[in-house]
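*Asks:* Use these hints to put chain B with the ligands onto chain A, whose structure you have.
Here is what each chain is made of, one letter per residue.
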Amino acid sequence: MVIGSQSNNTLEIRDLVVEYRTRERVVHAVNSLSLTVGRGQTLGLVGETGAGKTTTGLAVMGLIPKPAGVVLGGAILLNGEDVLHKSDREMKQIRGKTVSMIFQDPMSSLNPVMSIERQISEAIRAHDRSLTRSQVLQKAHEMLEMVGIPRDRGSEYPHQFSGGMKQRVVIAMALSCKPDLIIADEPTTALDVTIQAQVLGLMKDLKDQYRTSMVMITHDLGIVAETCDSVSVMYAGSIVEHGTLHDVFDDPLHPYTKGLFGSLPRLDDRRAKLQPIKGLMPDPSNLPTGCTFWPRCDHAKDVCRVEKPNPTYFGGEHFVNCHLFNEEISGARTVNMGD
Amino acid sequence: MIRYMIKRLLAMIPVLIGITFLVFMIMQLAPGDPARLILGENASPEEVKELREQMGLEDPVLVQYFRYMVNLCKGDMGKSYITNRLVASEVAARFPYTLKLALVSAAVSILIAIPLGIIAAVKQNTIFDNTCMVLSLVGISMPAFWMALMLVLVFSLRLGWLPVQGANMGWRSYVLPSIAIGFMNMAAIARTTRSSMLETIRQDYVRTAKSKGISNASAILGHAFPNALIPTVTVVGVQLGGLIGGAVLTETVFAWPGLGRLIVQSVNARDVPMILGCMVVMSVSFSVINLVVDLLYGLLDPRVKSMYA
Ligand SMILES: Nc1ncnc2c1ncn2[C@@H]1O[C@H](COP(=O)(O)OP(=O)(O)OP(=O)(O)O)[C@@H](O)[C@H]1O
Ligand SMILES: [Mg+2]
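Chains A and B supply the protein sequences, listed in that same order. With our numbering, the residue at position 334 of the first sequence is 334, and numbering never jumps. With our numbering, the residue at position 272 of the second sequence is 272, and numbering never jumps.
Here chain A stands alone, though its shape is the one from the complex (with noise of 0.2 angstroms):
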């Protein structure tokens, strides 16, 4: 492990791994996940659900809810230095300031007893001691007046708030210390579809005012075409195939990612949801040995069923993990091509 290896990635896990123990059953929520998001670069991290999407942000975050969860090896960099090794006291100053997360639910995301501006304003001076409380007010306002919400409403509740503008405020608050990525967990699934636009376009505009890194959680295609620069395809814990938006939506390899992706995007065709997949994903608590695709892959060979792939480059950063192409890799691209 190359710890202070100042990289230009601001985020990179490599190998994580992450259970959830509960009385019945051991959930392998996270299986030797490795991924790479570069500086002012936008992620998007799709799969479908319970594919462990979730888990690996609050891993970031250091929020895996305990008792339950367990971070049981891999690392996670955040600008070069490894998170899983901080104390609480050092991960506090992490949080919000180095990394913060939109969380999956705006409805339940605020605490429905304190007014949105002391929400904000608590993110505000966690991370500056320095400024006096009229200095954090003041600037919990501007953040709220920068997602599109009048100061003067600051004072109110979360339940005074449509949808939308809790969004917007969650928003708000994970940007307000400026942090230098943001995970964005599913953020516009709660939103109807003018919403979603402009709470998306909010997202960009601020992404490029502060270069902000993000790592977008969605199941949504057109959201990772208009907002993503690469894609990482998550299946049962780890990525099955990683590459630029071209790459992916262009020239998909993993037959899971064809399988999402159906037969319909292409770069000029992006407006498409991911397509259901035939066969469910398999029980997280007992995942398939080898390739844990295989029981739903219809290339599956004798070796998918003992042997896990290894990544397979395509030129950059493009990889899948397969062992289709972990052959020679002409042979691997005809099979491929016959479907």
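Warning: the hint list may mix true and false statements.
Covered stretches of chain A (in silico footprint by chain B; criterion: 3 or more residues with CB under 8 angstroms from a CB of chain B, positions within the stretch not fixed) [as the list claims (entries may be wrong)]: (1) 95 to 106; (2) 109 to 118; (3) 159 to 170.
Hints in this document: simulated from the structure, not taken from any laboratory. Even glycine gets a Cβ: it sits at the ideal position worked out from N, Cα and C.
*Replies:* Structure of chain B with the ligands alone, referenced to chain A:
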């Protein structure tokens, strides 16, 4: 908020009319003639009849009730049949003892129970948590008067640390009675605090709070706790109301010179005006406590506050 308060205060009037009416009617059913009680066994029937007429007891019950209410509005609760003293001044002399005892025991039980409940929730399923919960189960199941007797037995009679009875030994007089009445409340409040904390600690907004970079303790005390307080306040309100009613038993055990004991003495003596006076004061206090609790909701929960308008 002010309008709501006024509305609530006005709503107390029918409640009070109802209570006084009920008590008045029940006292009519009680055996024994007040005039005979005052004059003693040796008085002649004529004397008794004359006194009854003088006291207005020969009038129809509703007329008597109406007369009582009119006087009550003027602050006149009549005179004791037994001592001939003014009920109003007697009640006014006794009420502060009951109130002080209630407040002391409420304050102590709240101040102890809430931190215990929070810690038990944060340390769920540890030895601390289990001990608290077993103790509180004991506390809830144990009748207050029995607890009072046991306390007196151990701390006053056996160990001799604290007075057995009465209110004339400063703070030491308060210790046993307030524990006796407060223990059950403490147990109930601790249990409610714990269970609502267990719920709020897992809420998304607590996770959001932590994600901002505030400490675990601030997330729990600043976010989970204020939300958990709402159900806790309900229980505190019910318990406080119970303190006033429960005073009857504990005050008797400890010979505490409060309203509860006065009521028992008056019932034994069939001293109707005194009983009525005590009941009126108790029910007013009960309604006021309820009102305060309802207003607290408004302070704690902005969603409730916006309904007041
Ligand atoms: N607190 C928990 N205790 C036990 N299991 C959990 C817990 N949280 C998540 N899991 C399990 O871990 C797996 C991954 O969950 P996660 O929330 O990361 O999925 P996700 O990719 O975010 O799904 P979605 O798209 O539905 O949000 C799931 O099987 C889920 O049931
Ligand atoms: Mg999720």
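*Asks:* Closer than 8 angstroms Cβ to Cβ for three or more residues is the test here. Does the segment 159 to 170 of chain A pass it with chain B?
*Replies:* Holds, because 3 residues of the segment 159 to 170 of chain A bring their Cβ atoms closer than 8 angstroms to Cβ atoms of chain B.
*Asks:* For the segment 95 to 106 of chain A, does the count of residues with a C-beta closer than 8 angstroms to a C-beta of chain B reach 3?
*Replies:* holds (count 7)
*Asks:* Mind taking a look at whether chain B covers the segment 109 to 118 of chain A? Criterion is 3 or more residues with CB to CB distance under 8 angstroms.
*Replies:* holds (count 7)
Hint compliance for this structure: no hint is broken.
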